[in-house]
Amino acid sequence: MKVLVPVKRVIDFNVKVRVKSDQTGVDLANVKMSMNPFDEIAVEEAVRLKEKNKASEIVVVSIGPQQASETLRTALAMGADRGILVKTDGDVEPLAVAKILRAIVGEEKPELVITGKQAIDDDSNQTGQMLAALLGWGQGTFAHKLELEDGAARIEREVDGGLQTVEVKLPAVMTTDLRLNEPRYASLPNIMKAKKKPIAEKTPADYGVDVTPRLKVLKVTEPAKRQAGIKVKSVAELVDKLSEAGVI
Amino acid sequence: MASLVLAEHDNKTLSDATAKTVSAALAISTPVHVLVAGQNCGAVADAAAKIKGVEEVLVADDALYAHMVAETMETLILSLADKYDAILAPATTNGKNILPRVAAKLDMPQISEIIKVVSPDTFERPIYAGNAIQTVEAKLPKKIITVRITGFKSPGEGGSAAIEKIAAAADPGTAKFVGETLSKSERPELTAAKIVVSGGRGLGSAENFKLIEKVADRLHAAVGASRAAVDAGYVPNDYQVGQTGKVVAPDLYLAVGISGAIQHLAGMKDSKVIAAINKDEEAPIFQVADFGLVADLFQALPELDQELAKRGR
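Protein chains in written order, with our numbering: chain A, 1 to 248; chain B, 1001 to 1313.
These are calculated hints, taken from the structure and not from any lab test.
All the given hints hold, so there is nothing to weed out.
The calculated DSS-like cross-link candidates involving lysine-lysine, where the alpha carbons are at most 27 Å apart (straight line), are: (1) 225(A) <-> 241(A); (2) 225(A) <-> 1272(B); (3) 109(A) <-> 1105(B); (4) 231(A) <-> 1269(B); (5) 1052(B) <-> 1012(B); (6) 16(A) <-> 1116(B); (7) 1153(B) <-> 225(A); (8) 20(A) <-> 219(A); (9) 1194(B) <-> 225(A); (10) 195(A) <-> 52(A); (11) 1153(B) <-> 219(A); (12) 1269(B) <-> 20(A); (13) 193(A) <-> 32(A); (14) 1269(B) <-> 1279(B); (15) 87(A) <-> 1105(B); (16) 87(A) <-> 20(A); (17) 1279(B) <-> 241(A); (18) 233(A) <-> 1279(B); (19) 216(A) <-> 1083(B); (20) 202(A) <-> 50(A); (21) 193(A) <-> 54(A); (22) 1272(B) <-> 231(A); (23) 50(A) <-> 145(A); (24) 1269(B) <-> 225(A).
With the rest of the complex left out, here is chain A:
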């Protein structure tokens, strides 16, 4: 079974984001970039499937600037087999990403696509669901646990009330939640090995997809700041203050 894993290059989750003063976006200059954390979980799950002999090949895809090839190298060092870089500068909306991925699925014919449930930059939480819909496939979003059965995937999902299990026919799309697994760090020998793994370079036009944004971002601003309050000295004083504030 072939597994396809799309990965996105985003600002590292530990970096404090700064909004640009001209309100055109956030400052990406000289900022540490990493693989979207949910996508790392997706790569890890695919690698574990391969280690259990349930996956035969793992193809990773990244849609972004030239530097997204570094994100692909990270995935290759974790254990993916080869990469596809779909080169484009500027923001690509989730629907356009899903259309490119649909075309890649058409060529690669994976049985399972594993994506992160959302990217921590635009927080959209759309791509996996959109891809599944475009392909007419079933989906298991916000996955907590995956079990492969004959021709189907049993996916336990993190939902508002607790956990829900669905069974989806393969091929299918799964999106990862935080507790699906804990991604590994790539070892130095594997990082060296990853340098020799192939990455094909493509463009959105190769897949016949127009990536021009259809939503217009008018501005990006700082959220309202909360003022730090006061320190109280005792539990009794805390209760006094909360009573005065009328919240208890």
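Position chain B relative to chain A; hints supplied.
Only chain B this time, still in chain A's reference frame:
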């Protein structure tokens, strides 16, 4: 033209998230219709009909919709989509699961988790875990939108919408519900509670989390947790407050043993009053807390419980 709002419910009770989403819809395109898809969900439809401003409630009552499986919900909503220029759902796990499928099939981008309707085609939404706010314009024939409910107030009751039964749509047969493990609790629901008491890694164990629960019960509060506490297995996943968990905005958020990572702050910083108890006075949680107490939570929590009892809580 009109808006269609997907109702959030458990077949018995209508979630308040629905009414808040109706508020957003009223500011985008009227009249507003609510779609209740479920099984034996008549009481939910009756409740939806009472939301002020709702003109019509469409009810698809069928075993196919008992658990709102995304693949079946997609075909149902698509069967209705022609009549609407805005389709909205609360940004619950159901809304997030279902709506992007509808958007993709309509070839429309989705606008996720709006917190404000600036004008009928302009919206504010948080990005980067709420560290930036994006104002986005959508000049589109159909607007597909999920709504972060903490940004909207319920329009209240007083409506008397017509209730219309609609037929089930085709079942694509690609996915089916198998089972669920839901957290049972007598406490208020996390996203609807007036008071939330949350615990973090500082609690150290599932057993110690009872200290949080005791105080929460005294205050009739919901119990929340940081990602660290959930990852460590102290509490189930549905307790998680934060960027990728639940977003809450209660009157009082009491954070105990939570350092205050930006991902956690993203889920609670719109609370009216934030109080924090942490033994590390440098903890970032104190930068957003209205009232901070630097103390060992294992002393402070029992003391807090007694103090509240003393004052008749």
